[in-house]
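Chain A is already provided as a structure; the job is to place chains B, C and D on it using the hints.
Protein chains: 4
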Amino acid sequence: MSKYRVGILGATGTVGQRFCQLLEDHPQFEITALAASDRSVGKPYFEACPWKLKTKMPEGVRNIEVAPITPPLDCDIVFSSLPSSVARETEEAFARDGYPVISNSSCYRMEEDVPLLIPEINHEHLALIEIQQQNRGFDRGFIVTNPNCAVMSFAPPLAALDRAFGVRDTVITTLQAVSGAGYPGVSSMDIIDNVLPYIAGEEPKAETEAQKILGEFNGRSIDKADFTVSAHCFRVNVVDGHTASVRVKLDRPATLEDVIEAMKSFPGLGLYSSPEEFIVVSEEPSRPQPRLDRNNGDGMSITVGRILPDNIFDYGFVALSHNTVRGAAGAAVLNAELLVDRKII
Amino acid sequence: MSKYRVGILGATGTVGQRFCQLLEDHPQFEITALAASDRSVGKPYFEACPWKLKTKMPEGVRNIEVAPITPPLDCDIVFSSLPSSVARETEEAFARDGYPVISNSSCYRMEEDVPLLIPEINHEHLALIEIQQQNRGFDRGFIVTNPNCAVMSFAPPLAALDRAFGVRDTVITTLQAVSGAGYPGVSSMDIIDNVLPYIAGEEPKAETEAQKILGEFNGRSIDKADFTVSAHCFRVNVVDGHTASVRVKLDRPATLEDVIEAMKSFPGLGLYSSPEEFIVVSEEPSRPQPRLDRNNGDGMSITVGRILPDNIFDYGFVALSHNTVRGAAGAAVLNAELLVDRKII
Amino acid sequence: MSKYRVGILGATGTVGQRFCQLLEDHPQFEITALAASDRSVGKPYFEACPWKLKTKMPEGVRNIEVAPITPPLDCDIVFSSLPSSVARETEEAFARDGYPVISNSSCYRMEEDVPLLIPEINHEHLALIEIQQQNRGFDRGFIVTNPNCAVMSFAPPLAALDRAFGVRDTVITTLQAVSGAGYPGVSSMDIIDNVLPYIAGEEPKAETEAQKILGEFNGRSIDKADFTVSAHCFRVNVVDGHTASVRVKLDRPATLEDVIEAMKSFPGLGLYSSPEEFIVVSEEPSRPQPRLDRNNGDGMSITVGRILPDNIFDYGFVALSHNTVRGAAGAAVLNAELLVDRKII
Amino acid sequence: MSKYRVGILGATGTVGQRFCQLLEDHPQFEITALAASDRSVGKPYFEACPWKLKTKMPEGVRNIEVAPITPPLDCDIVFSSLPSSVARETEEAFARDGYPVISNSSCYRMEEDVPLLIPEINHEHLALIEIQQQNRGFDRGFIVTNPNCAVMSFAPPLAALDRAFGVRDTVITTLQAVSGAGYPGVSSMDIIDNVLPYIAGEEPKAETEAQKILGEFNGRSIDKADFTVSAHCFRVNVVDGHTASVRVKLDRPATLEDVIEAMKSFPGLGLYSSPEEFIVVSEEPSRPQPRLDRNNGDGMSITVGRILPDNIFDYGFVALSHNTVRGAAGAAVLNAELLVDRKII
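Chains as they are written, first to last, in the numbering used here: chain A, 619 to 963; chain B, 619 to 963; chain C, 619 to 963; chain D, 619 to 963.
Isolated chain A, as found in the complex (with noise of 0.2 Å):
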């Protein structure tokens, strides 16, 4: 059986060589293009990308030459981690011209007519594609949409118990690693010995990204989740793996015992880059911790430990996930694969 052909789209930065890592001996995709900026234009991958993961460069990759970000692209779909700045106008280009586009940028997730998908949460919603198509004049190019790194970390158990209790009110606050900022991203002397409370742009997507991930398809569009998110999101010192300390309100009560049991229980799939376990729980008091727990599930797991009652909400949690692999890359790669099991693509 062929595998589809696959095109990145901002193959140089961070997310984009988690793509290369994660797709090297793939069974169902193949990486045939690689598009960056102008600077990288023309030279072959591995003199175009500055390497930073701790896996050797795909010997598949690293003779590839570095298309421009513009269709045609010679593949069948595109993976895309461009930056804001350019993904609109680029994503929107590719899907006009019949590229499934799988997006891993911001600019497209809370648009009415895409799907913003956690594939074990909302599949449902790929209902949308014909809707965007049809809205936007696309005849079989389509974007889709992961969510926001920090967004991944606590979105899984709030679904679990969204759909058991119901979800209220949440406060979150996360510590999150400078591999989110792409590279160079965060200066060492901003980090070392430091923690910076800010990240722009980062709590207006932790506080909206949820209610649209856990809403529901009404036919035409999602009706959102009706809960309210607040959040305070911190860059810590960390390499990869973001934390998140969670609070949650919820609408029917729940003893501990059935908070761990619907987190442990909330089902996975069976898709190939799929996690055994969507979220691992740990009873050990001080877990999850970013540099043992980030690569639970070869990095696709949610981990969430201090599962506890809390003095002013229902309970409180801390989650934890892999800010490139479950959080990026490895989100979009398994929303490439749900497209292809739902025979979307």
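Don't read these hints as lab results, they were simulated from the structure. Heads up, a few of these hints could be off.
Computed spacing ranges between beta-carbons, pair by pair [stated by the list, open to error]:
hint: 1; chain 1: C; residue 1: K672; chain 2: A; residue 2: D959; range: 46 to 56 Å
hint: 2; chain 1: D; residue 1: A711; chain 2: C; residue 2: K672; range: 53 to 63 Å
hint: 3; chain 1: C; residue 1: P885; chain 2: A; residue 2: K621; range: 47 to 57 Å
hint: 4; chain 1: A; residue 1: E683; chain 2: D; residue 2: E748; range: 35 to 45 Å
hint: 5; chain 1: B; residue 1: P927; chain 2: A; residue 2: T873; range: 26 to 36 Å
hint: 6; chain 1: D; residue 1: E683; chain 2: B; residue 2: E875; range: 24 to 34 Å
hint: 7; chain 1: D; residue 1: P662; chain 2: B; residue 2: T873; range: 42 to 52 Å
hint: 8; chain 1: D; residue 1: P686; chain 2: B; residue 2: G886; range: 42 to 52 Å
hint: 9; chain 1: C; residue 1: E894; chain 2: A; residue 2: R680; range: 17 to 27 Å
Incomplete in silico selection of chain D near chain B, CB under 10 Å [to be verified]:
hint: 10; residue: R657
hint: 11; residue: R909
hint: 12; residue: N914
Idealized CB from N, CA, C, for every residue including glycine.
Just chains B, C and D now, with coordinates in the frame of chain A:
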């Protein structure tokens, strides 16, 4: 004018070292005795103490022979930074023996007849001393305490808001420095490229001390302030400086300007170690930061920033204090200065 | 084919944990006994051990009851990562009791009749085992050792150069990871925003072990290689991976190409844990780096880069190895595989 | 007495900020002009500059409007911390226009007629100024320079040894702080849990500048000292403070006591910014450390420790200096004080 002669219990630890540093050249106090655990007793201080501060060990303490932590000690008053395990008995013994005990330990903080002081906020709680002496049969001796180092970061801005508008509920998430755990304290293997989501014993302190500090003396005891605190405490890769993310619900409406003004105008005290500004309000979007702001007011100011309306609560903000200065040794020194100022010693 | 039954002395420490990790699913060895200090004895391993590795504790060891570190132990061979203070007596007792002891401790490394092995370099030193058994009256038991973790980073490239051109003098400056000190080991207060210029006992090891490793067996003992090492050892803010800056004077002239070729072509061994390339030579200007290169060859390769002519010596280069894998537990496992391969056990 | 009016070229960078900090309340200099690149020109300094120092931006500079980096500038002398790419032309233009240029840039350091100064070591090199003015047709203007920040850590102890015993060869391995690369400089992704074995352009500077600094003025030019330096330069996870591991071969025999005495007794200068001790010798086994020792002498002392006989060379030691104070802005300020003292300005 002669100085009060001071003894330090737990003199070789992280906080004990800060006492020595802060009392060098102090106009009211001079160190005449240093006491520590058995393995240090009999050695000159410079030999017994693994000095970890950037400034040099003060000449005046280098050759003091370390004494055991039992009365009598060659001094008029004692500062204690003993670990809780030994503080209870030892501090009581010193108080019974006639010494004013100015303690940074946690064991007496929540006792009904022991003042838990932040001089700018609740100096009238000093009235408990007389009651304490009656209750416990202390003659001239007594115990006063200062708050937990994490509480020290958020109690002052809460006090400012409580006085002006009344505080109802507050949600706190702390990002605490490693020096809070003493030396050797946190293992480097636990904190490089990592965050710890748990600090033993910290959340209960953070959830109970502020109500006593902001409470009112009713003639016999303290009526605790009746708001509720939810606290999550994290350890992060920072040497000094505890950061707290705070959301707060108020009793009475307040504009953003009101809130900022309430913090800025909260009065300080004119004691020797008082900072020029008790609460420094920063309006830069990415402050406070531990490395840049912990030394504000020589480590005795609280720095607050990111004061913003909140989706669920009324306001959110970020507060920072130097955990081993204002949050420990400096707090105790200020308490001692208050006692002198009020002629209690 | 049945597996050798392995016992681990010092099983709860940093290196002991690595043994458990590396022996999970090993085709030749299975762990049947775990021994540690008194405070762990009698507990199941999962309770006694503060597991700090990214991979999960292997199922097979979780419930093994920790035994005391005295023979007999329910196993055929023992791996030891005991601290030097107890290793001398304990390892001798096990050897005398008939166990092959494969030790990562330093105490026997420089004894005349004990092999100090890097299998790729000096497997012929195994001939010392017979002499050792005669000398010490051991029956079937014996002790073999692997080098200090810092030595492991620079001895392999030195061996490559020594064989090809002869090594005269070498100057080494190491930048060592905190895991080399075990857990809790280095205090976070000593290493955040800091470098430590001293590691107790390390420089003498770095200055003496390489000459034995590169020495020749003369039928009775090892004739040490006759070059001189000057070593300065620093601790830096890195979890895993020791880096060494090396300058070396050669006996015979060699071009830069010769030097690179000598390293690249140094043969590996085909043992189960052998890396594909023993010495990986990187030609990128800013490599090796601990975070990116320590896991080369699953942590069993040595990575060398920045090979350049030197102003004073003949050549300089930078070498890196994973200190708890190739520099400790992995080294011992490879020694065990060598013993099996040579039919000594 | 009126102060010299000072302009700063490159005022918004890491070193430019240090100039502002060090010149606050300086008795001889006051800042009257701040110049930076186009994107800052016309803004008040507080807006143009991402201030990263722990002390507050001095009031006196906050509202100075940033000027372009071209003469004329409203000042008597200029300090320059321009990047090399623009320094060559710009500094020459200022010198030609009559300004004394006190430069921290590297481009003129090795020019025959430009003094490369460490005032305590080679103030007699000031005689080059006259020659420079003749050579280049400068009227009253001229350029003086200070060394590379890494050189600043090891040149002073080498000077002490060279004067006393003669230095032959020296091997240097540096562990350099991230602030040496300016802001944003080193990416956090490159330095968390990592070491970089390469700093572009650094090793050649470290291998050539010391010989000029320790050279002798022969009436027309500098006869360079005739020892050879081999330098390896690493970047480590430290904010401020460059550490150097040094081995040195001497021309004449010296006991360990001689060596220590030569360093301790090396005379300082009585200038305003001179530290009390130029070279601080620490005899503690684990010093110097950047976090604890970089501020010795307010950042203007060099701290040396671990002075020990070496196996290959005569002696080894570890030297540390504050790279943005003594290694950059402080060095230039001291040069300016020297020029005033010698009545050259």
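So, going through the hints one by one against the coordinates:
1. K672(C) to D959(A): 46 to 56 Å: 30 Å, violated
2. A711(D) to K672(C): 53 to 63 Å: Hint holds: Cβ distance 56 Å, inside 53 to 63 Å.
3. P885(C) to K621(A): 47 to 57 Å: Violated, since P885(C) and K621(A) (Cβ atoms, about 38 Å apart) do not stay within the stated range.
4. E683(A) to E748(D): 35 to 45 Å: Given range 35 to 45 Å: violated, Cβ gap about 58 Å.
5. P927(B) to T873(A): 26 to 36 Å: 34 Å, holds
6. E683(D) to E875(B): 24 to 34 Å: 30 Å Cβ-Cβ, so the 24 to 34 Å window holds.
7. P662(D) to T873(B): 42 to 52 Å: 29 Å, violated
8. P686(D) to G886(B): 42 to 52 Å: 43 Å, holds
9. E894(C) to R680(A): 17 to 27 Å: 18 Å, holds
10. R657: The hint is violated - R657(D) has no Cβ within 10 Å of chain B, the shortest such distance being about 19 Å.
11. R909: At about 7 Å, which falls below the 10 Å cut-off, the nearest Cβ of chain B leaves the hint on R909(D) intact, so it holds.
12. N914: Nearest chain B Cβ about 9 Å off; hint holds.
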